[in-house]
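Novice: Listed here are the chains, written in short residue letters.
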Amino acid sequence: MKSEMIFSGFGGQGALAIGKFIAQSAMSEGKNVSWLPSYGPEMRGGTANVSVVVSDTEIASPVVSFPHIMVALNQPSLDKFGPSVKANGLIVVNEDLCPNVVKRDGVDYVVAPLNKISKEIGDDKVLNMIAIGIIIEKTNIIKYDTLADHLTSFLKDRNAELLALNLEAIKKGMELAR
Amino acid sequence: MKSEMIFSGFGGQGALAIGKFIAQSAMSEGKNVSWLPSYGPEMRGGTANVSVVVSDTEIASPVVSFPHIMVALNQPSLDKFGPSVKANGLIVVNEDLCPNVVKRDGVDYVVAPLNKISKEIGDDKVLNMIAIGIIIEKTNIIKYDTLADHLTSFLKDRNAELLALNLEAIKKGMELAR
Amino acid sequence: MAIIAKRPDSLREVSFTYCPGCMHGVAHRLIAETVDELGLKNQMTGVAPVGCSVFAYKFFDFDMAQAAHGRAPAVATGMKRARPEMNVFTYQGDGDLAAIGTAEIVHAANRGEHISVFFVNNAIYGMTGGQMAPTTLPGMKTTTSPYGRDANDIGYPVRVCELLNTLEAPYYIERVSLLSVPEIIKAKKAVQKALTYNKEGRGFTFIEFVSTCPTNWGLDPVKSQQWAKENMIPFFKPGVFRDKGTEGGQK
Amino acid sequence: MAIIAKRPDSLREVSFTYCPGCMHGVAHRLIAETVDELGLKNQMTGVAPVGCSVFAYKFFDFDMAQAAHGRAPAVATGMKRARPEMNVFTYQGDGDLAAIGTAEIVHAANRGEHISVFFVNNAIYGMTGGQMAPTTLPGMKTTTSPYGRDANDIGYPVRVCELLNTLEAPYYIERVSLLSVPEIIKAKKAVQKALTYNKEGRGFTFIEFVSTCPTNWGLDPVKSQQWAKENMIPFFKPGVFRDKGTEGGQK
Amino acid sequence: MGNKVLMKGNEAVAEAAIRSGCRLYFAYPITPQSELIEYMAKMMPKVKGTFLQAESEVAAINMVYGAAGMGKRVMTSSSSPGISLKMEGISYLAGARLPAVIINVQRGGPGLGDIQPAQGDYFQATKGGGHGDYRLIVLAPSSVQEFADMASDSFDLADKYRVPVMILSDGLLGQMMEPVEFKEYKTDKEIEELGKQHYDWCIHTNEDGKGHHHNEINSLEIDPNVLERHVLNLEQIYKEIEKNEVKHEEYNINDNNEFVCVAFGTAARIVKSAIDDLNAEGRNIGLIRPITVWPYPYKEIAKTIHGNVKRVFVFELNLGQMVEDVKLAVNGKVPVEFMGKVGGLVFTPEEIKEKIKAYL
Amino acid sequence: MGNKVLMKGNEAVAEAAIRSGCRLYFAYPITPQSELIEYMAKMMPKVKGTFLQAESEVAAINMVYGAAGMGKRVMTSSSSPGISLKMEGISYLAGARLPAVIINVQRGGPGLGDIQPAQGDYFQATKGGGHGDYRLIVLAPSSVQEFADMASDSFDLADKYRVPVMILSDGLLGQMMEPVEFKEYKTDKEIEELGKQHYDWCIHTNEDGKGHHHNEINSLEIDPNVLERHVLNLEQIYKEIEKNEVKHEEYNINDNNEFVCVAFGTAARIVKSAIDDLNAEGRNIGLIRPITVWPYPYKEIAKTIHGNVKRVFVFELNLGQMVEDVKLAVNGKVPVEFMGKVGGLVFTPEEIKEKIKAYL
Amino acid sequence: MQKMTVDPNYCKGCGLCISVCPQKVIRFSENINEKGYHYAECFDQEKCIACAMCYRTCPDVAITVQK
Amino acid sequence: MQKMTVDPNYCKGCGLCISVCPQKVIRFSENINEKGYHYAECFDQEKCIACAMCYRTCPDVAITVQK
Ligand SMILES: Cc1ncc(C[n+]2csc(CCOP(=O)(O)OP(=O)(O)O)c2C)c(N)n1
Ligand SMILES: Cc1ncc(C[n+]2csc(CCOP(=O)(O)OP(=O)(O)O)c2C)c(N)n1
Ligand code: SF4
Ligand code: SF4
Ligand code: SF4
Ligand code: SF4
Ligand code: SF4
Ligand code: SF4
Ligand SMILES: [Mg+2]
Ligand SMILES: [Mg+2]
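Chains as they are written, first to last, in our numbering: chain U, 8 to 185; chain W, 8 to 185; chain L, 45 to 295; chain X, 45 to 295; chain Y, 44 to 403; chain H, 44 to 403; chain V, 565 to 631; chain P, 565 to 631.
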């Protein structure tokens, strides 16, 4: 089984981190993974995106042209990558920054106001965690427990509060996607 | 007909100029010529030498390994190039700076105290012209008149005295070689 | 109603590629305005460096060249010598000019090339993501001095104006800052002087702008200016180092 | 009878490759004698440049490196950082150090590398046959300034000590000359100071030797010294620019 | 799985270099290599190593020359334009027979180009971008793990032959994160021993004044006869390397291959994807991936060209550079087809399949 | 014969460049090229041209970049180590599509090497010593006359295709004097016209403010799709050059050749001597001398390999560089033998004869 | 009567103009531009004295001032 | 008794020692060395005061001085 994903948004929205958390968790679950960011000056103010591949077998190309899963944290991301998502794929859309969502047939959409929800949770920065929650619920790429363990071991001593917020955001995402 | 020559001496003795005058004159006489100096830091205090080829046909290699004609203005030159002069070749030796002349069979030698003679003529710098005179007399590489014309057009207005000395030195060389 | 301040003619209608609040844009504006004022647009040309201002060749509305990292003064030398009827400037960052391009700026200055150099000192490599520059302050943290620049190990910031001022040929050398409106107004005067001398064929003119890099300093634009005032200005003191055009001007 | 002056131990028994009367040899001797006197031979190493002194690696009786043209200070930086227990110097000509190697000397000095730099200024490119150097005097004829160096076109000689003296880190900077026996004796003292500081790990030390190039100046060795006294010394004034080791020493 | 960490290629190779005993690193920032220099800046002080940001790539390579001359493991890294600036220095390293490791995280060229992955420096790396006759051992990784592993390999090779070694990577490998497992750290003692193997030629102190030596780090031989001997000696070493150190990977190479593909580094990964798909459709296509691009697996490629093979395909992220070496290996036996991609773009498996299918 | 003058190659090519309209020259001294820079220092002021001794080879090539960007004929020259330092700049010239002429008077390498003639920079010149995909037109003279003639040829080629052109000479040709005949000086007016052909892209003033333009001299394209287009455009130009500009000399090439030799530049002269001798002894050996080493006369060499040719010999003053191109041309049809000479030494006709005789 | 106008296409919402305006009549707009920035706007043209301080400090040359 | 000795292998006949000797006791030898130079020699060891001026100026470190 091989899943190809693209996560995309403005610099600072945490799209690259979505990829990193998913790749790291999948690695812990014994999968092969690759994480390939777009980089360069276009990152500044422009759109940052990352290609992630999770696979049971060796990963040949880390370049994702036709993702199974795509997260668009802003409109330019949706416009750029939406059309290339595979049939039966999943698109997660941040409603707050994507005023213009035209849904394709045969693609699963989760459209949610991620900015708003994260503000409700209490921290703008957990916006991307909500997206991860959605993916966890909608797919079996990674397990909630793996990511929770990972976050816990990483954050428990450093910032217990942030840990709690993160876990809440993931769960919120999972709920949303049900 | 192709003649290959090496002229060699300490820097400042004018070995390279011998080559230049011969090449220039031969060129005026319609021959193909090449003039290839040794160069580099070894010139400093060491031995400067030049390979000259004069030929009726196109000159392929300008590198002279086995010269027909060789002028040694000092001992190191004689030691270095003497052994490679071709059978029936000509070696001109400056006796004053070559205390040790071992003559090879089948090679024509002109051994003369060039420093002494040039001092007699009145200018140290014409030493190399004596060598050219010897070559003119001994071979038909170039004609006296060509060189004389060449020198005249070059020096007449600039330094008539030096011109006279030069011509005298050439003639002196020709005499010596008779 | 009369327009009293608007985008100068010598800027093309494209957005700068700089981060919000980055003062490269102000330096560009000062140059463009001055080119307009002096009526130089038809014979003006400049050289963009490698650095955040690499795209400067797109921003000015006259012919422009883009140079290899650090080599803008050499490129400008070639340009000015090829068409002396044109006015040539370089625009360079501190990594470009004071690190890899040290030899080129010293020798262009030493020859007294008839060009103007606009040097934007933000104490960091902006373009490549915040590495240490020769002008990085002691103790300052960057991605390649993560524990702070250790002056005992790698020395102190290079003061380029002071260094170039040991040479005979330069005609005009001044350091200004872009850290407040009054300073920007002063900076404009310096640019005017440099390009006027350039127009008059006086010789080599050099302006250093003390500037900011909000992104890599990790400070917002307003705080960046404050930080620079407090930390950079004491080390990089503004002033005229050389002005052969004024009586009593140094040298 | 006691020997009071003879070839120092730190010179190998090979002839220099220099022209008769070339003062590179004296500079070598001063360094070698000082290494002997300070007992540094076992941990000494140096870097030969590209220039007439390219063969310096053959002349000193300790391990030596030969660097690419102008890069000796970078090579020495790598060496010193790799084995801080060793004492490292570079030996460079004016083409090597003040032209192609400008960036490397400025930045090694600016970092305050713990090396000694011996800089032989003969106002010309000796090795390659007498081309103009950055230190060539105005009006001076060389094979690449056949009509005399035109200061209006290509500027004035670079004064390296003055330039490096604008940096914070250097520990000791002095200009000496090799143009008479008393001056050679003074030069020796400077070399002693530089290598003593080097031994003590004080920092970057720099000695400029005003020297001669009889061959490419077209003057005999004795006249060369006279010419240099009259023409070079007024421009390259000997003196201590910086000595952090003396109280009241500049800086 | 336990010891695997998810890491960028740029960081993984830096970490692996430190573990292999590299304690000196000199470089100048450039995208897409900057994480490497930044990692070194962070970690070198922790192992009491030297991290120094040079004033330029030219200075950096000459610092490497100096440190290598002291017999220490030393490394530099850059990306394409910066590597071009090191050409004189690399030629000097080779001429003076200094072991050192140089990493090129290639980007799009020529000139300033862009900062996306490319393989346009193959010629430069393998044919000698600098002047004179010399060779670098050039290793071309195709995964983050391999990139990391090559760090220690390349120090070992550099030491063994006293030659500079280059790792020819690209922006994709530098920027990508993959799981990677590291070897143990060499101990200080092991590192010291590594240095001592060079004592017969490198610059070092005299112990108590005994065993006085005069070692020279030098590439100059003004007497052409001596230089000839020196260069012929280099040639012998290069022949030795060609005999011993060729490395390649075979992917589905078998006696019934109808086509053989050749690709290196990042490009090879994409080609594998394409081959997988085609073979799933019933074709039999193999891939040779040179791991050392110098010495080049000429013989190994030639061996795979048997009666069934109808054609050889070469895929590179450039206009066609390694294809010349493939042609030299194939030596006219079957046609060699080339497909390139330039500008910092990476071809998709689909494009590769299309190219091959055109010859079915 | 009347107009012939005896001149060093270094001086002849400089004189010829000035006559062809070169009015800007930037360089740094290096043996065995120094007579060239010295000649320019003397003569440029006489034609009101610019002679400027740069602070380094790096600066020189970037001054060339600047001047070429103004649409003027500009030249630089150096020798091997100095050419290596120009690699980044050359890649920029190619990337920005700037016409310029670069002369390499090759010497022995690698590293500082020596200052005697060599051909060790063939790979660097023809395969791109700089980074990225680019090509130089590379001309290899074998006499002083040809060296001089190539000056004007190379400016014409540079202008025609907007590419940098290199003359790949060596210390022997630079230092040697031979008779040479020059073309007429281009007039100031002709030179001005030459410049104007570039007005659609080069930097120049606006006439009276009319026809305002925004020309960019630039090799940067940050969008990979745009860079791809740019590089593919370069590829088209290179293909055009390969179609039009290949030049070679045939020396005793005929239908009955038993052997064919290939050599370029200085080496070819020595090979001619050897062939003359052997043919005088009754053999039938021909020589192909590539005059352009890029574009390379692959087809022209292939054509000479007919039924009678038993073997191809390649002679170079290096360890074997052009031999790869010859093998690509021969493509396995007959064995290719190589003989090199290194260290700044030049082989003798005798050595070449010996090599060939071993296969008689 | 517009004395001070911001071109939303150029503005990057850096806030420097806001910090220097002596009349404190500049603020960020509720709207965002194409690049995602809340651009600056003068909310009280009456109070604006057309001093052009904002223009002078604006790094993106987004401001026009009229009198 | 030799106070000042010149090693002919090193001497290049530059004449600098001659020019600085306060006693004027150095001259060029009639003989030439391997490199072709008339090397320097002290022709009056008696008058030599072993001041080592010659040593100090000699660029080829050819001189030994004893007292
Ligand atoms: C030869 C070369 N080396 C390195 C780089 C990478 N590089 C691009 S911009 C830059 C530094 C720019 O810093 P600075 O000059 O201070 O400009 P800023 O971005 O701060 O304005 C570097 C190192 C390059 N493009 N070319
Ligand atoms: C990269 C490079 N450029 C140029 C040269 C040629 N070169 C050799 S020595 C030299 C100049 C030496 O002059 P200087 O440094 O003043 O030393 P001097 O000979 O006068 O002592 C030059 C340009 C070279 N070897 N390498
Ligand atoms: S990185 Fe810094 S210098 Fe570059 S554009 Fe952004 S703020 Fe300005
Ligand atoms: S050329 Fe000049 S500097 Fe070089 S050795 Fe001779 S005199 Fe000395
Ligand atoms: S012109 Fe002056 S008062 Fe008006 S908005 Fe700008 S800064 Fe404020
Ligand atoms: S200063 Fe300019 S860019 Fe910044 S907020 Fe104000 S108008 Fe916008
Ligand atoms: S030691 Fe003094 S007196 Fe004696 S020879 Fe030398 S310089 Fe003359
Ligand atoms: S100074 Fe030295 S080299 Fe010169 S003449 Fe005297 S002994 Fe000889
Ligand atoms: Mg900066
Ligand atoms: Mg010098």
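There could be a bad hint or two in this list.
[To be verified] Listed below are the simulated EDC-like cross-link pairs for lysine to aspartate or glutamate, each with C-alpha atoms no more than 20 angstroms apart in a straight line:
(1) X:K281 / L:E212
(2) U:K9 / Y:D199
(3) H:K253 / L:E212
(4) W:K9 / H:D202
(5) Y:K253 / X:D53
(6) P:K599 / P:D571
(7) U:K87 / U:D112
(8) W:K93 / H:D202
(9) U:K93 / Y:D199
(10) V:K599 / L:D264
(11) Y:K370 / H:E343
(12) H:K91 / X:D197
(13) H:K232 / H:E278
(14) Y:K47 / U:E36
(15) X:K232 / X:D287
(16) H:K85 / X:D194
(17) Y:K398 / H:E278
(18) Y:K91 / L:D194
(19) H:K91 / L:E129
(20) Y:K286 / Y:E393
(21) H:K47 / W:D156
(22) X:K50 / P:E594
(23) L:K281 / X:E212
(24) L:K50 / V:E594
(25) U:K123 / V:E594
Hints listed in this document are in silico derivations from the structure and should not be mistaken for laboratory results.
Novice: Now, for every hint given, state plainly whether the structure supports it.
Specialist: Verification of the hints:
no. : hint            : verdict
1   : X:K281 / L:E212 : holds (15 angstroms)
2   : U:K9 / Y:D199   : violated (37 angstroms)
3   : H:K253 / L:E212 : violated (39 angstroms)
4   : W:K9 / H:D202   : violated (41 angstroms)
5   : Y:K253 / X:D53  : holds (15 angstroms)
6   : P:K599 / P:D571 : holds (13 angstroms)
7   : U:K87 / U:D112  : holds (17 angstroms)
8   : W:K93 / H:D202  : violated (50 angstroms)
9   : U:K93 / Y:D199  : violated (46 angstroms)
10  : V:K599 / L:D264 : holds (18 angstroms)
11  : Y:K370 / H:E343 : holds (18 angstroms)
12  : H:K91 / X:D197  : holds (13 angstroms)
13  : H:K232 / H:E278 : violated (34 angstroms)
14  : Y:K47 / U:E36   : holds (12 angstroms)
15  : X:K232 / X:D287 : holds (16 angstroms)
16  : H:K85 / X:D194  : holds (13 angstroms)
17  : Y:K398 / H:E278 : holds (19 angstroms)
18  : Y:K91 / L:D194  : holds (15 angstroms)
19  : H:K91 / L:E129  : holds (15 angstroms)
20  : Y:K286 / Y:E393 : violated (37 angstroms)
21  : H:K47 / W:D156  : holds (16 angstroms)
22  : X:K50 / P:E594  : violated (24 angstroms)
23  : L:K281 / X:E212 : holds (15 angstroms)
24  : L:K50 / V:E594  : violated (24 angstroms)
25  : U:K123 / V:E594 : holds (16 angstroms)
Of the hints listed earlier, those the structure fails to meet are numbers 2, 3, 4, 8, 9, 13, 20, 22 and 24, in rising order.
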